[in-house]
Amino acid sequence: MISKRFAVHDGEGLRTTIFFKGCPLRCRWCQNPEGLLPQRKPIYLENKCMHCRNCEKHGAGKIVYQDRAVFIEDDLDEIFKYCPTDAIQYDSSYYSLEELVDKVMEDEVFFKYGGGVTVSGGEPFMQRGKTDTIIKGAS
Numbered sequence: 700m701i702s703k704r705f706a707v708h709d710g711e712g713l714r715t716t717i718f719f720k721g722c723p724l725r726c727r728w729c730q731n732p733e734g735l736l737p738q739r740k741p742i743y744l745e746n747k748c749m750h751c752r753n754c755e756k757h758g759a760g761k762i763v764y765q766d767r768a769v770f771i772e773d774d775l776d777e778i779f780k781y782c783p784t785d786a787i788q789y790d791s792s793y794y795s796l797e798e799l800v801d802k803v804m805e806d807e808v809f810f811k812y813g814g815g816v817t818v819s820g821g822e823p824f825m826q827r828g829k830t831d832t833i834i835k836g837a838s
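Residue 700 is where the sequence shown starts when you use our numbering, and the numbers rise one by one after that.
Treat each hint with caution, since some may be false.
Computed list of lysine-lysine pairs in DSSO-like fashion (alpha-carbon distance at most 27 Å, straight line) [said to hold, decoys possible]: (1) K747 <-> K761; (2) K802 <-> K747; (3) K802 <-> K756; (4) K780 <-> K756; (5) K761 <-> K780; (6) K802 <-> K780; (7) K780 <-> K811; (8) K740 <-> K780; (9) K802 <-> K740; (10) K756 <-> K740.
Just the calculated beta-carbon pair ranges, DEER-fashion [to be verified]: (11) F824 <-> E797: 36 to 44 Å; (12) S795 <-> R752: 13 to 21 Å; (13) C726 <-> V763: 15 to 23 Å.
The set of hints was computed from the structure by calculation and includes no laboratory data.
Backbone N, C-alpha and C define an ideal beta-carbon position, used for all residues, glycine too.
Please take these sequences and the hints and turn them into a complete structure.
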């Protein structure tokens, strides 16, 4: 989730911003284009990579290493555990409503002083009826 913590531009006080994934619109002025697709995607964080190539060794053809990790498939759950620096991870995570509320309430102290929660896009209304919600940038 990026829950983006300590935001000051999305409303009054210190805020926690929740970024959802998935949006049916394609606005020219979109501020979060990485949240347009509803599926989580693997990302490679080059600054964390120590070039050990464990991802390729254990990737079973899902990753090829060519000066950087190149993803052949998007389902990499089993491969992540072999990266000692977390240089390969998903851009988002799934949360139940209860888990999401618990995560937001970690910042409850700031809400008492005029802060709050901002729900952002992707499109929050696309989450209706899902048992799990995908949140951009979660870790």
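Here is what the structure says about each hint:
{"no.": "1", "hint": "K747 <-> K761", "in the structure": "20 Å, holds"}
{"no.": "2", "hint": "K802 <-> K747", "in the structure": "25 Å, holds"}
{"no.": "3", "hint": "K802 <-> K756", "in the structure": "35 Å, violated"}
{"no.": "4", "hint": "K780 <-> K756", "in the structure": "12 Å, holds"}
{"no.": "5", "hint": "K761 <-> K780", "in the structure": "14 Å, holds"}
{"no.": "6", "hint": "K802 <-> K780", "in the structure": "23 Å, holds"}
{"no.": "7", "hint": "K780 <-> K811", "in the structure": "39 Å, violated"}
{"no.": "8", "hint": "K740 <-> K780", "in the structure": "16 Å, holds"}
{"no.": "9", "hint": "K802 <-> K740", "in the structure": "22 Å, holds"}
{"no.": "10", "hint": "K756 <-> K740", "in the structure": "20 Å, holds"}
{"no.": "11", "hint": "F824 <-> E797: 36 to 44 Å", "in the structure": "20 Å, violated"}
{"no.": "12", "hint": "S795 <-> R752: 13 to 21 Å", "in the structure": "36 Å, violated"}
{"no.": "13", "hint": "C726 <-> V763: 15 to 23 Å", "in the structure": "35 Å, violated"}
Checked against the numbered hints given earlier, the structure breaks hints 3, 7, 11, 12 and 13 and satisfies all the rest.
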